[in-house]
Amino acid sequence: MANSYTDVPEIKFHMNHPLMKRIVELKERNYADYGQYDYACKDYEDALDNYDKLLEIAGDINANIINANAEAVDEEGPHCENGRVRYAVKTYENLDAMVKAGLNGMTMPRRYGGLNIPMTVYSGANEIVSQGDAGFQNIWSLQDCIVTLYEFADEDQRQRFIPRVCAGETMSMDLTEPDAGSDLQSVQLKATYSEEDQCWYLNGVKRFITNGDSDIHLVLARSEEGTGDGRGLSMFIYDKRNGGVNVRRIENKLGIHGSPTCELVYKNAKAELCGSRKLGLIKYVMALMNGARLGIAAQSVGLEQAAYEEALSYAKDRKQFGKEIINFPAVYDMIATIKARLDAGRSLLYMTSRYVDIYKALDDIARERKLTPEERAEQKKYSKLADAFTPIAKGMNSEFSNQSTYDAIQVHGGSGFMLEYKCQRIYRDARITSIYEGTTQLQTVAAIRYITNGFYQTVIEDYAALPVAEGYQSYADRIAAMAAKLAECTEKVKEAGDQALLDLCARKLYDMTGYTIMSHLLLQDAQKAPELFQKSLNVFVNLAEAEVAKQSTYINALDVEQVANYIQ
Amino acid sequence: MSLKIIVLAKQVPDTRNVGPDAMTPEGTVNRAALPAVFNPEDLNALEQALRLKDANPGSTITMLTMGLPKAAEVLKEGVYRGADEGILISDRPLGGADTLATSYTLAQAIKKVGDYDIILCGRQAIDGDTAQVGPQVAEKLGLTQITYTEEIISIDKEAKKIVAKRHIDGGVETVEGPLPIVVTVNGSAAPCRTRNVKRVWANKNREFPTWGAADIDADPMQIGKAGSPTNVKAVKSIVFKAKENKSLTASDEDIESLIVELMESNTIG
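Protein chains in written order, with my numbering: chain A, 545 to 1112; chain B, 462 to 730.
Treat the hints with caution; some may be incorrect.
Listed below are several chain A residues computed to face chain B (Cβ distance under 8 Å; list not exhaustive) [to be verified]:
#, residue
1, 582
2, 592
3, 594
4, 597
5, 598
6, 601
7, 604
8, 607
9, 641
10, 646
11, 647
12, 655
13, 659
Simulated from the structure, these hints should not be mistaken for laboratory data. This one's a predicted model, so the numbers in the text were calculated from it and none came from an experiment. Here a beta-carbon is modelled for each residue, glycine too, at the ideal position from N, C-alpha and C.
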């Protein structure tokens, strides 16, 4: 039987990275749960085996249920009835399978009913589910909002809400409004505290809320009357059981049809404060968004995998001019490039996930006891790495998924334009990845400070200092040349001392950074598993070298005087 | 209302994915070339059991399987999906059993389990396709049987009553029966749910009790080869030759001549 995990050995490769040992050690607190919970792991090998078995279940469900249902879900879509969402029929089947398999609240500690798995493994499951249906992945993966609730809610709230999510209740993050999209500081949804009822009430409208009729919502609302910026916003928990929020409409979208994107009307909706007032946007939503961005990176990689499989199987089957089209360079070039981007982007996804895991596990330990100075230094290091890598992983992979699904249609020729083939669905589904949870342009904004302050450069230098096996030196040299171009361009832009020029070059510097880092990661992977990554290393370094040269040429041609010509 | 449920399951060679080396030159099944799987309709039976358990908290599911020690894999698979207990019935004298000896052995094991309200199993196994074991188990235990079941609609332990929908030609039939009962489940019933992560992690190293012929107080003359009146005389691989093919056009004459030929050979009509 098909299995979206065991059929893709590249995913398992990333689950066995050396950093996993440290992650498991931190996450499992020296295996303290063993003996207390019959499903707790007893050592590192046991933990890895458990993760493997979990992903195998996700791979089975995706290949045989979610993927099989995807076309019907895409066609039917969700319905809005009397202020509530009714999912497509097959979406309920998908959800039922995931709940019965226990794939909910997966990263939560066991004391709340969770599986206590690292984000890296959760990213694996996220990728796998996205291979079959990126729209369904939205509904299911919003469970990771629970991480934010776990981190910032009080113990009473944790005990009330987390077990419900682990048992399969769904979540949503209600952030955007008609006039507050990328600019969340403009959120207007009003939160009013009633001294009489000793609770908060929410009033207003939210728009573009994914899975907006979920069971438990995290809501960004203005709690401080008279304020106009992010400092007046707090985060609230709205429990659907209390009522007060209705779905006014479901958006009619280009892709991810199975995922209901809702307009919500709050009418005196009873809600409770999560964490402290005024930290809603500046602290909690930032944490929430970082988790969501990693989720979209995983979704993008899943879509790239689907694009690769669709393109490859069609090209092996379709004959023209007397032979299968896979034999034509013009076709295998496209497919090899899809695969190279996929392997590079996937490596970035899991490296980012590992960085997130280490700092989050240390954050969590810090809630229980004081960290040692070494642990504090480690926490700081990985927190910075996670913060720097997340926008690259999200932005680059979402752009890759757009390119790769486009190319998958191209491989199909005229058939790809017909609605019968899966490639058209994944193309439509991929389009949103570079938009939601922060557009690529906003990922660039998040990343640019790490470009100008030289942080990525130090990471690249650390990677370059790793030993290189025989036969790989030429790749290492070529990547070093890319890094030199990046450093040179960064210096040139910085020296100009002009903010507009820097902003204009930011995306180009961001791309150069992404390609250089991914080349390094793929070089590391190919040395460990040449049977999986050798070809992709070759293709990707060719591609990255060309992209870096292109952006470098462009930046070198630009100067402050030209900026005016870009303004329409 | 908690139920005591028994599920009979069999590990079978995966005959759905037959490759060129599936048969030995001697004409017997090349078991080494075929992966061993959970008999598909037994999975349908397990799902019905799990639904009963979901709807009746406190219920327990005990799985029984007869076979080589490797057959314990189906017990583990069942536990991964929600069964509580598993018992392997495995002993050298039990080998070579036909359906009669198999059903006797299973019935003896069920008697040893003792306390049960319902026994579920697949309609038939994909290696033998006899559909005899479930009904024969019912006969040996003196129980009512409902075969070809698609769905158990209700079960009432107090009133000792079960209502089930069974698959019949061209439709379904709703029947009622007394408890305890044997229910064989059709492949058109709901597919079995997948494994549950926590159950897999908790049970991956689990071992199951093994009962031999003596444990189930079996009569040596009714088990294994001794208890099997069925003898396979020969297994033939029928290969259609090209000359047996006939090409027909879509004309009325050709179709009519085909109908006449099929009627004359009693293939149809």
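Against the structure, the hints:
no. : hint : result
1   : 582  : holds, 4 Å
2   : 592  : violated, 12 Å
3   : 594  : holds, 5 Å
4   : 597  : holds, 5 Å
5   : 598  : holds, 5 Å
6   : 601  : holds, 5 Å
7   : 604  : holds, 6 Å
8   : 607  : violated, 11 Å
9   : 641  : holds, 6 Å
10  : 646  : holds, 4 Å
11  : 647  : holds, 6 Å
12  : 655  : violated, 14 Å
13  : 659  : holds, 6 Å
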